[in-house]
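Protein chains: 2
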Amino acid sequence: MTDENTVANDGWVSYRPDIKVLDCTIRDGGLTTDHNFDDEMVKKIYDTLVAAGVDYMEIGYKSSKEIYSKDQFGDWKHCDEDSIRRIMDDNPSDMKISVMADAERTNYKTDIIPKDDSVIDCVRVACYIHQIPLAIDMVKDATDKGYEALLQLMAVSTVNTNDLEKALEIVARSDASAVYIVDSFGSLYSEQVRNLTKLYLKAMEGAGKDVGFHGHNNMQLAFANTIESIVSGGNRMDATISGIGRGAGNCPLELLMGFLHNPKFKIRPVLEACQDIFKPLSETVDWGYSIPYAITGQLNQHPREAIKWRAGDAPDAYVPFYDKIMEQE
Amino acid sequence: MTDENTVANDGWVSYRPDIKVLDCTIRDGGLTTDHNFDDEMVKKIYDTLVAAGVDYMEIGYKSSKEIYSKDQFGDWKHCDEDSIRRIMDDNPSDMKISVMADAERTNYKTDIIPKDDSVIDCVRVACYIHQIPLAIDMVKDATDKGYEALLQLMAVSTVNTNDLEKALEIVARSDASAVYIVDSFGSLYSEQVRNLTKLYLKAMEGAGKDVGFHGHNNMQLAFANTIESIVSGGNRMDATISGIGRGAGNCPLELLMGFLHNPKFKIRPVLEACQDIFKPLSETVDWGYSIPYAITGQLNQHPREAIKWRAGDAPDAYVPFYDKIMEQE
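Chains as they are written, first to last, in our numbering: chain A, 1 to 329; chain B, 330 to 658.
This is chain A alone, in the form it adopts within the complex (with noise of 0.2 Å):
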């Protein structure tokens, strides 16, 4: 359809082999359902996380039973090695799975087992700046009882330059095998991006870890973000299907499917399941760009106001929505 020598053939048009993708529908997804997912669902995005060539599948939290207990929260709250066998047995894929580790919200010494007794391949640890230094003890309990590490430092819009060169160097000197830049907030415009990307990975530099991107969609930006990321030498690229993800959602699976021209990815069974699966669910659950998100978004605020507001009588009372949080500021 379009000629071979237009404009739009420059570097996108190759693509880069050690780019990895983690889909974290059922992690960040289940955050609007509080984990309750059941299991033909979460079964079908096994199977189209395989059939697309996904990395990594982030099937939820390794949460606190006491914090989050088990009569409040879904099975993808806690990820119990029964849960998860369930829905694949011994994982006979190629696809690693993954679980999100919270710092003071997860028992790790106990509630996670040596990695010979269980199906997960990875714990990504999550954390604040503040807690570093339990996020790397929480890397190395991972990595000794044979685990891949993450680190996921999250709501880096709000962190000091000075305090996240140290915490890099810090991470830099760890197990973790990736640490992501996270926009928690969905406020980073995509110059922010690229010049996190290259001070992470200045950082990371002979340290021998990716650097990856989780970005949420509050300003529309969730997609375009992940390609600048991509394109500034990002190589761990965290999407959900549909976008689907706590507020504004995350970067669309089937949008980064279509941007990464590796062979290996598959955008046709993505596509079976936003049509199959998250269509309808649409019609009850609400995630997506609303103009709330992007209100918080510009104002590089925490969503809670904005999902709290998406949940109330009025959800598309976006003056009052704006008034109200100006006079917060």
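To be clear, the hints were calculated from the coordinates, so they are not data collected in a lab.
Treat the hints loosely; a few may be bogus.
[What the hints assert, rightly or not] Non-contacting residues of chain A with respect to chain B, defined by C-beta distances greater than 10 Å in every case (computed): (1) Lys-70; (2) Asp-71; (3) Ser-83; (4) Asp-90; (5) Lys-96; (6) Asn-107; (7) Glu-169; (8) Gly-233; (9) Ala-294.
[Stated by the list, open to error] Straight line, CA to CA, 25 Å or less: simulated BS3-like cross-link-like pairs of lysine-lysine: (10) Lys-44/A - Lys-653/B; (11) Lys-308/A - Lys-608/B; (12) Lys-324/A - Lys-308/A; (13) Lys-608/B - Lys-279/A; (14) Lys-653/B - Lys-266/A; (15) Lys-279/A - Lys-653/B; (16) Lys-279/A - Lys-593/B; (17) Lys-324/A - Lys-474/B; (18) Lys-608/B - Lys-324/A; (19) Lys-653/B - Lys-264/A; (20) Lys-324/A - Lys-595/B; (21) Lys-198/A - Lys-527/B; (22) Lys-373/B - Lys-425/B.
Don't be surprised by glycine CBs; every beta carbon is placed ideally from N, CA and C.
With chain A's structure known, arrange chain B on it following the hints.
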């Protein structure tokens, strides 16, 4: 709320006073309703844009009444002087009024009257690459009559780079005050927008012409690409309220307002229009991102097949649409 010395503090914190925003809510948004918007709505949009500090309001097309009859299309397909004056009298505001004149679909010699008799300030000529000679004549006609003229070279993602360079040389010698990069198919990635903006700027060097960008949101990149073009040196940016526009729509004005830190721009009136006009309108009119548009965007195709599919019986049957489009490739 956020620390003064965060990683967030870089280039975007400042602003360039020369950036001019053109709102094409009524013009591009009109493509969703055959240009049937009632006067009350158009008046509200006019008031909104004046209050928001927008530089140009593109109120519609100056289309041929033989090709597009008055019976079948609303007033904003033809933009007669008395239609515009019903909305704004002589336009007492500082905001400029723009109309679009499509090459081969406009009787420009007769239908565009001398500027002294018109409430219109600016004629934006839209053309494909093969229509450049005609477009240049239309630009001359408009400037001879006393208008500012802008040039909108459509579907640039399908244009051979050599042809584009030659076209831009011709444009540089014309009387147009700005030339726009137009991502008609919503298929450009930010790298491409960056390269195109630089190519256009280089071609306009010494000619005293601005470069602009008009995006479509097929891959959720309209806002991101608009920012990219700004950062690369573009000064003329298009947007529409709530992103209304043909197919996947355009760059949302409310997001662009949040990015532009020039204090002359105000976001609150735009949020009010989103809430009072466009949220209700979205219940009956289909525009904005959806997967069929993403698919045509990824394939650098005109969105017409996706528009037809979205208007059909099964707008959310993504896999049959994908299979159909792939078969035609």
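Results for each hint:
1. Lys-70: holds, 35 Å
2. Asp-71: holds, 35 Å
3. Ser-83: holds, 30 Å
4. Asp-90: holds, 30 Å
5. Lys-96: holds, 27 Å
6. Asn-107: Fine: 32 Å to the nearest Cβ keeps Asn-107/A off the interface.
7. Glu-169: holds, 15 Å
8. Gly-233: holds, 14 Å
9. Ala-294: violated, 6 Å
10. Lys-44/A - Lys-653/B: Since the Cα atoms of Lys-44/A and Lys-653/B sit roughly 24 Å apart, the hinted pair holds (cutoff 25 Å).
11. Lys-308/A - Lys-608/B: Satisfied, since the Cα-Cα distance of roughly 19 Å is no more than 25 Å.
12. Lys-324/A - Lys-308/A: Judged against 25 Å, a Cα distance of about 13 Å means the pair holds.
13. Lys-608/B - Lys-279/A: Holds - the C-alpha atoms of Lys-279/A and Lys-608/B are around 20 Å apart, at most 25 Å.
14. Lys-653/B - Lys-266/A: Given that 25 Å is the threshold and the Cα spacing comes to 17 Å, the pair holds.
15. Lys-279/A - Lys-653/B: holds, 20 Å
16. Lys-279/A - Lys-593/B: The hint is violated at about 40 Å.
17. Lys-324/A - Lys-474/B: violated, 49 Å
18. Lys-608/B - Lys-324/A: holds, 20 Å
19. Lys-653/B - Lys-264/A: holds, 22 Å
20. Lys-324/A - Lys-595/B: holds, 17 Å
21. Lys-198/A - Lys-527/B: This hinted pair holds, its Cα atoms lying about 23 Å apart.
22. Lys-373/B - Lys-425/B: holds, 16 Å
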